[in-house]
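S.K.: Chain by chain, the residues run as shown.
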Amino acid sequence: MSALLSTHALKAWYGDFQALFGIDFEIRAQEIVAIIGANGAGKSTFLKAITGVLPVAPGNVVFKGRPIGGRKAHRVVAEGIAMVPEGRRLFPSLSVEENLCMGAYAKRPGPWSLEKVYGLFPVLKEKRKVPGTALSGGQQQMVAIGRALMSNPELLICDEISLGLAPTVIKEIYAALERITRDGLTAIIVEQDVLTAERVSQRLYCFQEGRVSLQGNSRDLTHEQISHAYFGV
Amino acid sequence: MTIWIDAIIQGVLVGGLYALFAMGLSLMFGIMRLVNVAHGDLVILMSFIGLMVVEGLGLQPFAAMAVVVPIALCMGYALQRGVLNHTISKDPLRSLIVTFGISIVIQNLLLAFHSADTRAIHSAGLESQSLPIAENLAVGVLPVIMFATAVMLTAGLQWLFGSTRIGRAFRATSDDDGAAALMGINNAHIYALATAIAIGILGVAGVFHGMRTTFAPTDGPALLIYAFQAVIIGGMGSFWGTLAGGVLLGIAQAIGARIDPGWGVLAGHLMFVAVLLFKPNGFFPKTR
Ligand SMILES: Nc1ncnc2c1ncn2[C@@H]1O[C@H](COP(=O)(O)OP(=O)(O)OP(=O)(O)O)[C@@H](O)[C@H]1O
Ligand SMILES: [Mg+2]
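Quick mapping for you: the protein sequence lines, in order, are chains A and B.
Following numbering that gives the first Met the number 0 from start to finish, the first sequence increments by one per residue and tops out at 232.
Following numbering that gives the first Met the number 0 from start to finish, the second sequence increments by one per residue and tops out at 287.
Hints should not be assumed to be uniformly reliable.
To be verified - List of simulated lysine to any residue pairs, SDA-like, C-alpha gap at most 25 Å:
#1 A:Lys128 with B:Asp175
#2 A:Lys63 with B:Asn185
#3 A:Lys106 with B:Phe160
#4 A:Lys115 with B:Ile165
For the record, the hints were derived by calculation from the structure and aren't laboratory data.
Model the full structure from these sequences, guided by the hints.
M.R.: Okay, here's the thing in structure tokens:
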């Protein structure tokens with residue numbers, strides 16, 4: 000079966016500083032792939048390169064058989080890739096409901112609606128009139144995920160959704176994510192916590208200094224392999 | 000006593016026109032953090048375009064607005080997409096310098112095509128008609144129309160921003176343009192729409208200004224100051240704040256002018272300074 004999204008020798012720069020050195024990556028439809036790696040390994044940069052936030056060469060990123068590298072971010076959403084960005088980045092002057100509606104801005108048809116997001120995260124319905132940034136961290140993360148879902152993506156990308164949250168809240172959020180992906184949504188999950196990453200994903204990539212240092216089935220990788228790939232020698 | 004009531008009423012009504020000058024300035028700054036130094040010159044440009052439409056096509060001034068406003072909307076869109084979008088950056092100096100340049104270009108083009116003479120848009124006597132509202136107290140028909148227009152446009156903008164899909168996109172882009180792009184918003188287009196609205200309002204304001212008083216190619220910077228003052232007095236919170244700022248400025252000027260005919264503008268400046276000293280965020284600052 001062919002990949003839903005793949006990258007080929009993907010390189011990315013911030014000005015003169017090269018952050019990615021040729022990443023080969025693929026994810027098949029309905030798969031959950033986790034990316035782990037130390038701070039500064041290039042995980043967020045990789046996601047920015049896929050979603051058009053950073054410019055890359057066209058053939059570097061292929062989605063559904065078509066090269067989409069270098070396409071502007073606002074056009075990538077319309078292709079069906081949605082991102083839950085690092086740090087959530089809710090719109091402070093918009094209410095919870097308005098934040099969710101922003102996710103539907105690209106008007107992609109599909110199953111997601113406000114009602115369905117409220118079904119997934121009932122607490123958001125009670126708080127729908129409140130400014131998004133007035134919620135607790137976990138609730139804000141729910142808004143960020145719901146907002147991404149509202150674009151009816153084929154590929155959902157989550158950048159460190161557990162960062163700064165209490166363990167029980169993290170559990171709750173991943174439980175919701177499992178419900179979503181069980182329905183067939185494909186997802187890339189960037190996660191600092193290796194155990195969580197292994198548990199929720201079928202396959203796993205480890206990044207180190209802008210390169211893939213390890214990849215494989217999440218079940219098969221040993222802790223020695225992972226810690227070696229994570230920290231280097 | 001009536002002369003003070005009269006001054007306040009005239010001030011309120013003129014304040015509507017100042018608010019029309021100020022709305023676009025506040026809108027562009029609010030969404031893009033862009034200070035448009037050419038804003039006053041664009042008012043005058045619209046007055047001249049209005050004059051040409053009135054004289055060239057033989058239209059009544061209000062019918063001329065129906066021509067001027069679409070021109071203004073298109074100019075605003077093109078100006079943003081073609082020029083100003085390239086100046087938006089963390090450094091506000093770039094857009095300041097570029098809009099300052101545009102201000103000089105507009106003034107000189109107008110001087111070249113229309114000479115330095117003062118002009119006026121004639122409206123078949125409307126500018127001198129008035130409605131009596133009490134003994135010894137009358138209001139001009141034109142100022143009432145201008146004020147009513149300002150109130151309607153303020154309500155319209157507030158509705159657009161608060162309750163529509165495009166208004167949500169304006170606010171989202173203003174909050175975080177990067178996150179907005181991830182939602183599918185083309186920031187370049189949203190910015191251009193914002194400027195189209197800002198300059199489109201000047202289509203109305205410019206024609207009103209030309210009907211109310213005479214104008215000349217180099218009058219723009221003085222109008223820019225009124226617009227700035229209205230925005231700052233009102234506070235950056237809402238369009239209603241900008242309307243209130245325009246009205247307060249109008250009242251200060253009208254009262255000053257009654258004390259001494261030369262003191263009108265000065266009284267406006269004094270009140271502006273007082274607001275900066277005692278209420279630096281204006282009367283209706285953003286609450287969150
Ligand atoms: N906007 C930027 N400008 C310049 N360099 C950047 C920028 N963002 C990230 N970098 C650099 O690029 C490299 C990769 O950063 P990236 O944010 O992708 O790491 P990460 O794996 O997501 O780390 P973290 O776990 O801390 O989020 C780092 O060396 C970082 O300093
Ligand atoms: Mg990161």
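S.K.: Hint by hint, note whether the structure agrees.
M.R.: Comparing the hints with the structure gives:
1. Taking the CA atoms of Lys128 (chain A) and Asp175 (chain B), the gap is near 20 Å; set against the 25 Å cutoff, the hint holds.
2. Taking the CA atoms of Lys63 (chain A) and Asn185 (chain B), the gap is near 23 Å; set against the 25 Å cutoff, the hint holds.
3. Of the pairs offered as hints, the one joining Lys106 (chain A) and Phe160 (chain B) holds, with about 20 Å between alpha carbons and a cut-off of 25 Å not exceeded.
4. Proposed proximity of Lys115 (chain A) and Ile165 (chain B) is supported: the alpha carbons are some 23 Å apart, at most 25 Å.
Checked against the numbered hints listed earlier, the structure breaks none of them; every hint is satisfied.
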